[in-house]
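Hey, can you work out the whole structure from these sequences and the hints?
Number of protein chains: 2
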Amino acid sequence: MSYWATRGLRGSAFEEVLNMTNEQYRKEGLALIQKIPTPIKPIEIDQEKRTIKLAYFEQKSTVDYIGVMGGIPICFDAKECGKKSLPFSNIHPHQVEFMQDFDLQGGLAFLLVHFTEYQEYYLLPVETLAEYYLHKEEKGRSSIPYSAFNKELMIPDTGGAYLNYLAVALKYGKMKKALAK
Amino acid sequence: MSYWATRGLRGSAFEEVLNMTNEQYRKEGLALIQKIPTPIKPIEIDQEKRTIKLAYFEQKSTVDYIGVMGGIPICFDAKECGKKSLPFSNIHPHQVEFMQDFDLQGGLAFLLVHFTEYQEYYLLPVETLAEYYLHKEEKGRSSIPYSAFNKELMIPDTGGAYLNYLAVALKYGKMKKALAK
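Protein chains in written order, with this note's numbering: chain A, 1 to 181; chain B, 1 to 181.
Any given hint might turn out to be false.
Given that identical chains are not distinguished, each listed pair holds provided it fits within a single copy or across any two copies.
What the hints assert, rightly or not - Straight line, CA to CA, 30 angstroms or less: simulated DSBU-like cross-link-like pairs of lysine-lysine:
1) K176 / K41
2) K84 / K53
3) K27 / K136
4) K177 / K27
5) K181 / K27
6) K53 / K139
Worth flagging that the hints you see were computed from the coordinates, not collected in a lab.
This is the structure:
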């Protein structure tokens with residue numbers, strides 16, 4: 001039921017901001033980021049009215065956004081979180097796998113997390129996500145603590161209609177490169 | 001109507017082959033390519049049965065596939081074609097724009113075209129697509145002729161369940177780099 005409950009008919013306000021930001025990035029030629037539609041399987045079509053009469057949500061979605069900025073492939077998921085830690089309940093194993101595979105292929109994979117209580121935004125690298133998510137049993141955790149979020153990867157909230165995450169994504173890319181050396 | 005008519009409930013056999021190929025690429029760690037679901041807007045949900053009672057196909061889809069192979073962002077669309085030229089009727093302006101923008105961001109964008117009559121497969125670079133598509137009125141053409149397809153970008157049909165397009169995509173990437181120098 002939790003899967004179902006998290007699916008609304010509309011995206012969240014956070015997603016709206018990201019969609020507008022991505023449109024702006026595209027206009028300015030900074031990046032091209034595609035929102036991946038929720039996979040829906042149409043079963044019955046009303047040919048006369050040209051509508052779908054019956055359809056199912058498909059379980060296996062991967063990430064919310066995928067694209068490219070200046071030659072760098074990126075993919076990310078947007079998560080909103082009212083607590084002092086990011087709960088795993090809203091993160092699916094195949095999403096983490098997808099991000100890890102994307103990372104292995106030389107792309108940048110991360111979460112953009114909105115802590116509504118602090119009104120703060122962070123980029124959470126797939127490495128940190130995987131570290132917590134894949135060892136949740138050993139660690140006895142059901143969430144990623146706020147303290148695991150790197151302040152250097154905080155996205156400044158300028159309060160407008162956009163969330164300018166691109167500079168922080170580039171910074172993350174540079175940090176990865178420096179570590180690889 | 002043409003948009004509607006081209007939307008089936010199931011993907012084409014060509015798409016099935018590409019989906020299986022992409023799965024195989026992922027298993028082998030060669031590439032991670034995401035099939036973009038057809039954008040469908042759910043309007044009414046049956047909470048009891050957990051199904052969608054009413055939904056619409058959204059017009060603005062972009063490309064069929066997007067992903068990354070060894071650090072290179074790629075996106076492509078699959079087209080099947082029974083004639084001796086690829087008709088424009090099945091190609092939408094925003095698809096061409098998306099591919100051009102993707103190319104500008106340093107990614108590889110192309111069509112994978114199946115000429116069913118010849119049982120031949122080609123990679124058609126976005127440059128060639130745009131050249132014909134954007135000048136269709138001047139050229140008085142409603143399709144891209146078979147002769148415009150570069151034999152060097154033909155994908156060998158090994159007759160199996162897969163279409164191994166990756167080597168040709170890499171070749172295309174190298175051709176682009178050589179031209180840019």
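Hints, verified against the model:
no.	hint	in the structure
1	K176 / K41	neither (38 angstroms within a copy, 38 angstroms between copies)
2	K84 / K53	neither (42 angstroms within a copy, 37 angstroms between copies)
3	K27 / K136	between (41 angstroms within a copy, 25 angstroms between copies)
4	K177 / K27	both (28 angstroms within a copy, 25 angstroms between copies)
5	K181 / K27	between (35 angstroms within a copy, 27 angstroms between copies)
6	K53 / K139	neither (46 angstroms within a copy, 42 angstroms between copies)
Hint check: violations occur at hints 1, 2 and 6; the rest are consistent with the structure.
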